[in-house]
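Position chain X with the ligands relative to chain S; hints supplied.
Residues per chain are reported as follows:
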Amino acid sequence: MPRPVVKEITFTLDGREITAPEGMILVDAAGKYGDTEIPVFCYEPKLGQPVGACRMCLVEIEGIPKLQTGCSTPIRDGMVVHTQTQRVHDAQRAVVEFLLINHPLDCPVCDKGGECPLQDITYGWGPGTSRFIEPKRHFKKPLELSPLIAIDRERCILCYRCVRYSQEVAEDYQLVLQQRGAASYVSTFDGHPYVAPFSGNIIELCPVGALTSRAYRFRARPWDIEGAGTVCAGCTAQCNVELTVRDERVLRVLSRDHSEVDDGWLCDKGRFSYQAVHAEERITQPLVREGAELHPASWEKAIEAAAAALKKAGDRAAALAGGTTTNEEAFLLSGLLRDKLGSSHLATGVGGEQPLDVVRALADPKLQATVPDLEFAHTVLLVDCDPIDEAPVWDLRIRKGVRRHGTKLVVASARPTALDQNAAATLRFAPGGAEGFLVALDAALSGDAGNLGGAASAAGTNATAIQEFADALRAGGEEVVIVYGDRALRGSAGRALLNIASRLNLANVANAGLLELPSTPNGRGLREVGFAAGHGPGFSTISAPGHGAEAIASGLASGDLHTVWLHHVDPLRNYPNRPAWEKALGTAQTVIAVESQLTDTVREYADVVFPAEAYPEKEGTITHPDGRVQRLRQAIGHPRAASDVPGSGVRALWQVISDVARELGHSAGTAIAGAVVSKRVFEAVPFYNGMTLDGIGGRGLRWQEHATFEVEQSDPFVLAVPASLPAKGESELRLGTFRPLWAHKDVDLSPALQFIRAKQVVELSKADADARGIGEGDRVEIGNGTRIPGTARIRAAIPAGSVFVAEGIAEHNANVLTHGIVEVHRVGPGSTDATSIPIQSTPAVEGRAEMPPSAGLPIPPREVT
Amino acid sequence: MPYDPGDDVVVIHQPREGAASGTFRAFAATLKGLKMTFSRAVEGTTTIGYPEEKTPVYPRFRGRHKLHRFEDTGLEKCVGCSLCAAACPADCIRVVAAENTPENRVSAGERYAAVYEINLSRCIFCGYCEIACPFDAITLGHDYEMADYNRSDLIFTKEMLLAEPLERTPLRTPDE
Ligand code: SF4
Ligand code: FES
Numbered sequence: 083m084p085r086p087v088v089k090e091i092t093f094t095l096d097g098r099e100i101t102a103p104e105g106m107i108l109v110d111a112a113g114k115y116g117d118t119e120i121p122v123f124c125y126e127p128k129l130g131q132p133v134g135a136c137r138m139c140l141v142e143i144e145g146i147p148k149l150q151t152g153c154s155t156p157i158r159d160g161m162v163v164h165t166q167t168q169r170v171h172d173a174q175r176a177v178v179e180f181l182l183i184n185h186p187l188d189c190p191v192c193d194k195g196g197e198c199p200l201q202d203i204t205y206g207w208g209p210g211t212s213r214f215i216e217p218k219r220h221f222k223k224p225l226e227l228s229p230l231i232a233i234d235r236e237r238c239i240l241c242y243r244c245v246r247y248s249q250e251v252a253e254d255y256q257l258v259l260q261q262r263g264a265a266s267y268v269s270t271f272d273g274h275p276y277v278a279p280f281s282g283n284i285i286e287l288c289p290v291g292a293l294t295s296r297a298y299r300f301r302a303r304p305w306d307i308e309g310a311g312t313v314c315a316g317c318t319a320q321c322n323v324e325l326t327v328r329d330e331r332v333l334r335v336l337s338r339d340h341s342e343v344d345d346g347w348l349c350d351k352g353r354f355s356y357q358a359v360h361a362e363e364r365i366t367q368p369l370v371r372e373g374a375e376l377h378p379a380s381w382e383k384a385i386e387a388a389a390a391a392l393k394k395a396g397d398r399a400a401a402l403a404g405g406t407t408t409n410e411e412a413f414l415l416s417g418l419l420r421d422k423l424g425s426s427h428l429a430t431g432v433g434g435e436q437p438l439d440v441v442r443a444l445a446d447p448k449l450q451a452t453v454p455d456l457e458f459a460h461t462v463l464l465v466d467c468d469p470i471d472e473a474p475v476w477d478l479r480i481r482k483g484v485r486r487h488g489t490k491l492v493v494a495s496a497r498p499t500a501l502d503q504n505a506a507a508t509l510r511f512a513p514g515g516a517e518g519f520l521v522a523l524d525a526a527l528s529g530d531a532g533n534l535g536g537a538a539s540a541a542g543t544n545a546t547a548i549q550e551f552a553d554a555l556r557a558g559g560e561e562v563v564i565v566y567g568d569r570a571l572r573g574s575a576g577r578a579l580l581n582i583a584s585r586l587n588l589a590n591v592a593n594a595g596l597l598e599l600p601s602t603p604n605g606r607g608l609r610e611v612g613f614a615a616g617h618g619p620g621f622s623t624i625s626a627p628g629h630g631a632e633a634i635a636s637g638l639a640s641g642d643l644h645t646v647w648l649h650h651v652d653p654l655r656n657y658p659n660r661p662a663w664e665k666a667l668g669t670a671q672t673v674i675a676v677e678s679q680l681t682d683t684v685r686e687y688a689d690v691v692f693p694a695e696a697y698p699e700k701e702g703t704i705t706h707p708d709g710r711v712q713r714l715r716q717a718i719g720h721p722r723a724a725s726d727v728p729g730s731g732v733r734a735l736w737q738v739i740s741d742v743a744r745e746l747g748h749s750a751g752t753a754i755a756g757a758v759v760s761k762r763v764f765e766a767v768p769f770y771n772g773m774t775l776d777g778i779g780g781r782g783l784r785w786q787e788h789a790t791f792e793v794e795q796s797d798p799f800v801l802a803v804p805a806s807l808p809a810k811g812e813s814e815l816r817l818g819t820f821r822p823l824w825a826h827k828d829v830d831l832s833p834a835l836q837f838i839r840a841k842q843v844v845e846l847s848k849a850d851a852d853a854r855g856i857g858e859g860d861r862v863e864i865g866n867g868t869r870i871p872g873t874a875r876i877r878a879a880i881p882a883g884s885v886f887v888a889e890g891i892a893e894h895n896a897n898v899l900t901h902g903i904v905e906v907h908r909v910g911p912g913s914t915d916a917t918s919i920p921i922q923s924t925p926a927v928e929g930r931a932e933m934p935p936s937a938g939l940p941i942p943p944r945e946v947t
Numbered sequence: 228m229p230y231d232p233g234d235d236v237v238v239i240h241q242p243r244e245g246a247a248s249g250t251f252r253a254f255a256a257t258l259k260g261l262k263m264t265f266s267r268a269v270e271g272t273t274t275i276g277y278p279e280e281k282t283p284v285y286p287r288f289r290g291r292h293k294l295h296r297f298e299d300t301g302l303e304k305c306v307g308c309s310l311c312a313a314a315c316p317a318d319c320i321r322v323v324a325a326e327n328t329p330e331n332r333v334s335a336g337e338r339y340a341a342v343y344e345i346n347l348s349r350c351i352f353c354g355y356c357e358i359a360c361p362f363d364a365i366t367l368g369h370d371y372e373m374a375d376y377n378r379s380d381l382i383f384t385k386e387m388l389l390a391e392p393l394e395r396t397p398l399r400t401p402d403e
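Same order as they appear, the protein sequences are chains S and X.
In this note's numbering, each number is its position in the first sequence, counted from 1, plus 82.
In this note's numbering, each number is its position in the second sequence, counted from 1, plus 227.
So here's chain S without its partners, still in its complex pose:
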């Protein structure tokens, strides 16, 4: 969609001629081009249309008798604006005095104190004294708006920001303003807790201390803290964050608004799971297995043990990387295995490996869509992924496009997505049918009726549905952005995707293209620096390709592979087919794990454990799915070991890998500083050439804007119809999995998020539930042979015959189910945990529970030496 064309106009601001783009809101134009601050409370462009609720921004415009709100007045050519007249000053003072009439002025106990727009504006524009001596409005305070957010309704100035956010940005429609006039207050309409994936953003939006974070409650004052900018490595979206640090502890995560990445929002996982960094359970020193037990060991001993095992394994060593692995770590580790040991058994994703020509073609800069494209494209196509679970802020971005720019959303997925309501067309295929769907869509777009029918039925749908979907996809316009999960890329799916892109001519249309949603936060970076079985740094050809994840598991189980290095990866939790991995890790001679907690993998199978750094401790780069190389910057020191011997605690992981390389005599793989490794990465990957850490800075650098990567153009591939889905009996269901937003080990360790930890839910269609006598919230068992318990959740949008369970969760994980065809039984009546997001009991507003105290003291008394 063409982004709005800007025309420059000139207007007069306090007697000066200012040139600014036409139609810009006066407050913004005055601030940006006129260097004049007009105070605002309710105005926030990210929330959509201005509402003019607070009247703080009054200005005088010649020709209009009354004062006007600058936040809702677009500038026009020749407009004459005054912001410094007596009339304006009187109005501003009156508005501040009016807002303070009911504001309790309990700043000394209010968490916003010191960083409060109301305080700042009162100092800057307020009257200094109040004439109000009558009693103020009183509410019970503070209440629990949700387990994460405290609301103090007395402090609210009724600016509507939080309500507008809930209604128009997050679209969860939960917050409303109740009552009228002075009695108004913010609440959910029936008083239930405001639990939503993005609820924490209202804490940052509230211009007063009415909405405060319970996890941060009373932890620090702005003058006690330091802000440390880095990038959240919790998921692929890689939102830019600012960590609030006090005494070497992360106390809060704030957004560091980057319109090209996150648009200024964060999900609650990113906002609150920092607590895991300081969890008691963290591993803070190396462990080595002696006999059956893991024992704390010195770094020298652990490095020696790891090096000895790798040396022995030689080209029978393998490595898996995921999680917060940086480009630097991946580069060093893949170099160690490939150059020193001669093994290319390197795997990152849970998806299958695609052939090198496809991997290269998918990285074509011409085909690359960016995050802002999600908002401005004519049409966005989601292929078998749900952004809310995998890259949550993209969900908000797509909603914004649909709501404000008329972007058309079309969704093709097995499991209904959170965005279905906003979609112009949805298509459901059977779980595991993504490949069939892509081949069928390609056939529909090219008019190949022969393939269409077969591929459609291999996807578990039919030719007409696909054809209609293809028409809907084409109807919006030429700018199409295709978002696909890397799990969808199996078999010929990659080639089909490339075909679709060429049939839609995406390579030659600006602001259109493909956007991958990798299953691991730095999936793209790992691939680009050469942590892959099939290619080296920068997708270079290598002589002896290695195994992908599945083949590594079977290789370890059969004894072909001896040693595996698990870098921020927990295959028993996050990879499909847990039994196969249990066997593999059980048979492996040595398992070297880089891990922060005693997971099952570590406890049962690891022989050498290196403590993992948390992302606020890391220094390095990661690559966003749209090619933006971003910097992780160290915000806090590494934790010390329990023994407190200097140097025995957590160490930087590039250093650990470098030490292992030194022990192995691989001098090319050693480094003396993290920045040296970054430099080597930038030299080794052709399209990162010329980058520097300074150049990347705080905002990142998209390599596509500075470098080229030539991809051989080929004609559309000729595709065969994929194998049809395995047959299923009458009473059986096809199993699909999804990874809930909350399925993350850091969530498990964060006290604030305990209430929302992902539990097993079994999502099934109304028809299938009725046929089995299952009601919403009933306890059920699912499986075929192996069974896992879960809570039934009935979703109308699921087609009959499919069932979905959560993977990546701590208990009753779906990856123990190895059959794609399962049965579901009811085992008991429902309990209270009916949904994966538990809504707590819902007392009426007035009787709502007063807030229980938040968790204990975060900062210990400082040691005195």
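If you are wondering where the hints come from, they were derived from the structure by calculation, not from laboratory data.
Wrong hints could be hidden among the right ones.
In the DSS-like style, the derived pairs of lysine-lysine whose C-alpha atoms are separated by at most 25 Å in a straight line are [what the hints assert, rightly or not]:
#1 X:Lys304 x S:Lys222
#2 S:Lys422 x S:Lys394
#3 S:Lys665 x S:Lys393
#4 S:Lys114 x S:Lys128
#5 X:Lys304 x S:Lys218
#6 S:Lys810 x S:Lys848
#7 X:Lys304 x S:Lys223
#8 S:Lys422 x S:Lys761
#9 X:Lys281 x X:Lys293
All of these numbers come straight from a predicted model, not from anything done at the bench.
Same frame as chain S, now just chain X with the ligands:
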């Protein structure tokens, strides 16, 4: 160019040499001084024999800090707002706040100071903390005897500041 002081030169007039002025210099000036000495000698000593005796201070003297409680409820006046820490030019106050609960009510507000430390070896006794405090929870007392053998012993905790200090310093009477 040689320096020319010009009009800046001040001519010092020495007393003239000679009998009368010489005698004056030898005796009269000395006697003048001795007169003062002897007249004071009868007044008795004014040296204070510290530490047995202490200098009295004025009521508004700024010495060691004290934290206060409400007399009726016994709750701490400090709510842990940290404004003193913000005002402190020497950056020697550290406050970590926590939340009052019905079971553990420490202060009168929603929050209280769980950790309150003043590093007296850094404090410059300017009294800004006292001025900043919205609840009159901290005042500067009269105690100036804070010497110690360890720097770390000069970090006063909340308990030490709350405890009623030994009133070791005499106060000056109003007419003194
Ligand atoms: S709670 Fe805060 S954001 Fe919401 S209306 Fe009140 S002042 Fe505005
Ligand atoms: S900022 Fe303009 S009315 Fe609130």
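Comparing the hints with the structure gives:
1. X:Lys304 x S:Lys222: 22 Å, holds
2. S:Lys422 x S:Lys394: 12 Å, holds
3. S:Lys665 x S:Lys393: Measuring from Cα to Cα gives roughly 23 Å; hence the hint holds.
4. S:Lys114 x S:Lys128: Roughly 16 Å separates the two Cα atoms, so the pair holds.
5. X:Lys304 x S:Lys218: Satisfied, since the Cα-Cα distance of roughly 23 Å is no more than 25 Å.
6. S:Lys810 x S:Lys848: Holds, because 19 Å separates the two Cα atoms, which is no more than 25 Å.
7. X:Lys304 x S:Lys223: With Cα atoms ~20 Å apart, Lys304 (chain X) and Lys223 (chain S) stay inside 25 Å; holds.
8. S:Lys422 x S:Lys761: 20 Å, holds
9. X:Lys281 x X:Lys293: 20 Å, holds
Hint check: no violations occur; every hint is consistent with the structure.
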